[in-house]
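Residue numbers (the working numbering), protein chains in the order written: chain A, 336 to 478; chain B, 2 to 200.
Any given hint might turn out to be false.
To be verified - Take a look, some chain B residues computed to stay more than 10 Å from chain A by CB distance:
no., residue
1, P32
2, L36
3, A37
4, R50
5, H80
6, G83
7, S86
8, R115
9, P128
10, T136
11, A187
12, P200
To be verified - Calculated cross-link-like contacts (lysine-lysine; reagent style DSS-like; alpha-carbon spacing at most 30 Å):
no., chain 1, residue 1, chain 2, residue 2
13, A, K441, B, K139
14, B, K75, A, K441
15, B, K139, B, K75
Claimed, not checked - Rough simulated footprint, nothing fancy, chain A against chain B, three-plus residues with beta-carbon under 8 Å:
no., segment
16, 89-96
17, 140-151
18, 171-185
Derived by calculation from the structure, the hints in this document are not laboratory data.
All figures in this text were calculated on a predicted structure; none of them were measured in a lab.
All residues carry an ideal CB built from backbone N, CA and C; glycine is no exception.
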Amino acid sequence: MNVRVATICLALAASACSRASSPSSPHLRIEEPIVLRVPSGAAALYARVVNEGDSPDRLDGVNSSMASAAELHETVRAGTFVSMSPVPGGFLVAPHGTLSLERSGKHVMLFGVAREGGTMPVSLHFVASGTIDVQAPVRSALP
Amino acid sequence: MNLTVALSSIALVSTSCARDAGWLDAAPAPPLEGLAVRTHEPYRLQDQRGQVVLLSFGYTSCVDVCPTTFAKAKAVFQHLGGSGSDLQFVYVTVDPERDTPEALGNFMARVDPRFDGLYVDRPRLAPILDAYHVTVRKRLPDPTGYRRRDVDPRGFYSIDHTAGFWGIDRRGQLRFQIGPETGDAALSALIQRLLSEAP
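Hey, can you work out the whole structure from these sequences and the hints?
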């Protein structure tokens with residue numbers, strides 16, 4: 336009996352050690368999501384993706400029932416030439432790091448966003464964490 | 002002698018700064034003609050003598066960069082106050098297929114009623130873009146991205162383009178070209194210099 340208890344304790348300890356020694360999952364938090372839209376219906380989602388975990392993750396897809404199309408883009412400047420390059424491979428979210436989706440940088444490009452005001456649902460898909468749904472306020476991108 | 006050297010150095014530094022700020026060797030601005038969407042009347046740049054013209058190129062579906070361009074132009078007008086009455090801001094669409102005169106007019110009215118939009122049809126637009134060294138590249142939708150099945154994605158394109166500002170003085174000379182990262186104060190200073198010059 337004592338041997339059996341000891342064996343179980345050892346097994347539990349080994350299990351605990353195993354969990355402790357492997358990297359923990361990424362732990363993501365989406366901060367201040369906002370969709371900025373121009374009258375044609377084109378829009379961009381900006382937000383901060385904060386990873387409080389010990390392992391990386393990657394934003395690799397996005398969709399929304401209130402957009403006709405969505406892509407991951409990065410604005411790149413070469414002198415005065417500005418391009419918005421799709422980034423199908425997505426964006427890394429480093430351990431204990433922050434992915435900033437921001438104007439003139441990495442962002443989610445949205446097409447066919449019908450109106451401003453209120454909020455819209457956007458689903459962000461991450462390789463490790465799966466899908467995280469956010470409700471983003473929709474505002475005018477115009478100054 | 003030392004004073005001469007010092008003055009020469011200051012002059013060189015001054016010239017260098019001016020170059021860095023986007024100043025060009027003054028030359029007549031390339032011809033620019035189209036339909037002014039605010040007035041629905043033909044617009045010819047060469048008819049604007051006596052005015053300072055701040056030009057920019059873009060399109061109304063440009064969501065990430067162009068709003069910043071408008072914010073800077075607004076800041077310039079705000080900074081100038083009443084002295085901005087001789088300043089025009091003209092936004093030339095590089096997307097005449099989607100930016101019809103009506104669409105561009107509604108858009109510009111929404112951005113700022115002091116701003117005007119210029120519609121130029123595609124055949125006449127190409128030489129204008131060349132003359133102003135504006136590169137445009139249509140970027141079709143990413144096939145790996147999300148698309149709702151019931152919509153035609155062909156309209157969801159972006160246009161990479163040269164951004165920033167072109168400044169034309171009261172005599173119709175193209176004087177500067179600067180990038181979109183230029184700060185509000187620097188842009189205002191460039192414009193103020195052109196406004197201070199006699200026609």
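Hints versus structure:
In this structure P32(B) is separated from chain A by more than 10 Å, as the shortest Cβ-Cβ distance comes to about 21 Å. Here L36(B) stays apart from chain A, with its beta-carbon at least about 19 Å from theirs, past the 10 Å limit. Its beta-carbon lying about 19 Å from the closest one in chain A, A37(B) satisfies the requirement of being farther than 10 Å from that chain. The non-interface label for R50(B) is consistent with chain A: the shortest C-beta to C-beta separation is roughly 27 Å, beyond 10 Å.
Consistency note on H80(B): stated as away from chain A, and its beta-carbon is indeed over 10 Å from all of that chain's, at 14 Å minimum. Interface exclusion of G83(B) from chain A stands, the closest Cβ pair being 21 Å apart, more than 10 Å. With a closest Cβ-Cβ approach of about 21 Å to chain A, S86(B) is found to remain outside the 10 Å limit, as its non-interface label requires. Here R115(B) stays apart from chain A, with its beta-carbon at least about 13 Å from theirs, past the 10 Å limit.
Look at P128(B): its CB is around 19 Å from the nearest CB on chain A, clear of 10 Å, so calling it non-interface holds up. Not every C-beta of chain A lies more than 10 Å from that of T136(B), the closest at about 5 Å, which undercuts listing it as non-interface. Listed as a non-interface residue, A187(B) keeps its Cβ farther than 10 Å from every Cβ of chain A; the least gap is roughly 14 Å. Under the 10 Å C-beta cut-off, the non-interface status given to P200(B) relative to chain A holds; the minimum distance is some 29 Å.
Between K441(A) and K139(B), the direct Cα distance comes to roughly 19 Å. Compliance with the 30 Å bound is thereby established for this hinted pair. Only pairs whose Cα atoms come within 30 Å are accepted, and K75(B) paired with K441(A) is accepted, the gap being roughly 25 Å. Between K139(B) and K75(B) the CA atoms are separated by roughly 28 Å; this keeps the pair inside 30 Å, and the hint holds. Restraint check on the segment 89-96 of chain B versus chain A: 0 residues with Cβ-Cβ distances below 8 Å, three needed, restraint violated.
Counting residues of the segment 140-151 of chain B whose CB falls under 8 Å from any CB of chain A gives 8; the rule of at least 3 is met. Coverage of the segment 171-185 of chain B by chain A holds. Counting CB-CB distances below 8 Å, 5 residues qualify, and the rule asks for three or more.
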